[in-house]
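Student: Same order as they appear, the protein sequences are chains P and B.
Using the working numbering, read the first sequence as starting at 6 and increasing by one per residue.
Using the working numbering, read the second sequence as starting at 1075 and increasing by one per residue.
Since the hints were made in silico from the structure, they are not lab data.
On a predicted model such as this, the values are computed, not experimentally measured, just so you know.
Backbone N, C-alpha and C define an ideal beta-carbon position, used for all residues, glycine too.
Check each hint, because a few of them may be wrong.
What the hints assert, rightly or not - Partner residues are not named here, just some residues of chain P that face chain B (Cβ under 7 angstroms, in silico):
id : residue
1  : Thr136
2  : Tyr143
3  : Ser169
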Amino acid sequence: MFGYTFQWKQALSKLPQMLDGALVTMEIALLSMAIGIALAVLLTLFRLSGNRVLNGFAVTWVEVARNTPALFQIYMAHFGVASFGIHFSPFTSLLIGITFNNAGYLAENFRGALKAIPETQTRAGRSLGMTPLEAFGYIVMPQMLRIAFLPMTNQMVWAILMTSLGVTVGLNIDLYGVTQDLNALTFRTFELFAIAGVIFYLITKIIQLGARLVAARLFRY
Amino acid sequence: MIEIENVYKSFGALQVLKGINLTVPNGEVLTVIGGSGSGKSTLLTCINGLEKIDSGRILVDGTDVHAKSTDLNKLRQKLGIVFQQFNAFPHLTVLENVTLAPRKVLGQSKEQAREMAVKQLSHVGLGDKLDVYPSRLSGGQQQRMAIARALAMSPDYMLFDEVTSALDPQLVGEVLDTLRLLASEGMTMICVTHEMKFAREVSDRVAFFDKGVMAEIAPPAQLFDAPQTESLKTFLAATH
Ligand SMILES: Nc1ncnc2c1ncn2[C@@H]1O[C@H](COP(=O)(O)OP(=O)(O)OP(=O)(O)O)[C@@H](O)[C@H]1O
Ligand SMILES: [Mg+2]
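Start from the sequences, fold in the hints, and give me the full structure.
Tutor: Here's what the structure looks like:
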């Protein structure tokens, strides 16, 4: 049919290499989420600070992250900054690009979550002698992270999928990059990318399942 | 001692406090009554510095609350305040609600904070609810937890802002009992309240606020039985 014969055996023999790639993909996604959450908290604080410069910085970040293609963001982190003589490895560029995207989306999620937390919570903390930062850290932020938990899970899934954009900046050790290289060697295009697709699917499903288990523990109250 | 000297406070064009003078000596239980919008809550939040004042002075143990050099976070440790809304921290258990500030603000050890929390929670009748989340508590229980939380900081003064107003009638009694207990132990207290019977019973003095002015202040028997101003007469007639 269509002159193409499936050769799954040959493609499946490359599975160990692809799974190694999947580990790199997960590593990038996890790192980009961890750093992205920290940055999003910082951006949220900037927005709450009442300082115009900090607020403007945070708003610009969120706007760019949410309203330009992720591909653009990753390109900028690699080729864009290279114009200024800053050279990152493909791995670092992809990590920066995805982290930038994560932080922007998450900061917006956090802003929504904050609306559900009454101002009186902060006031109660301040009345107990806490500084504004302490009241945020001990009272507001834990509630905010719980409320934003589901959107955070979605963003984690996005981060996994965005790693596939790494090939555009020359990354070839992640799942998508490995698959592409194998394809160039063997031309088992359909089989290889189908396997990659299944692996992507399984990873994101496991994340969603794991998140549900964690949520059950977090949302006890 | 809390000294309030000629305090003025506006929100925009709205004058809420118009020259309040009031001294609360240690050990006194002062209740504040008055119509809605007369500035009672505002006075309490000015005393602990949550709100700024326009002019005048508020001294707590001689420290000017609104002076630039005053460390408000430090000062608030001796001024416990409990609000109408219970403000339980929903993500923390009852015990954690009470130990949070002693640990993070006062730097107490976990054991030290726990010991104090258990003492205060038992005091308000919640000794058996330590590991429960606030969502499992009734309004009255949440409010008593908020009182224990404030007491765990070992404050010298307690400010109460209509702490029973958001409660179902059958739960008001248990919270008032807690306040009575505190009063009997000699805590210096300012209680804003709509509970006239309670005010009459526990107060050393009662202050009546009317449109940002402290119109009358006297021991309860005198204030309730021989009101001097027309506005207080009208107010009392309306509440009885
Ligand atoms: N943060 C604020 N911004 C603007 N106006 C305020 C603010 N807080 C209070 N006000 C106004 O100041 C006035 C006095 O309010 P306050 O809460 O002190 O009254 P109150 O005596 O406690 O009344 P109530 O018995 O209803 O609690 C009211 O008109 C209120 O609307
Ligand atoms: Mg009030």
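Student: If a hint holds in the structure, say so; if it does not, say that too.
Tutor: Now the hints, each set against the structure:
no. : hint   : in the structure
1   : Thr136 : holds, 6 angstroms
2   : Tyr143 : holds, 6 angstroms
3   : Ser169 : violated, 36 angstroms
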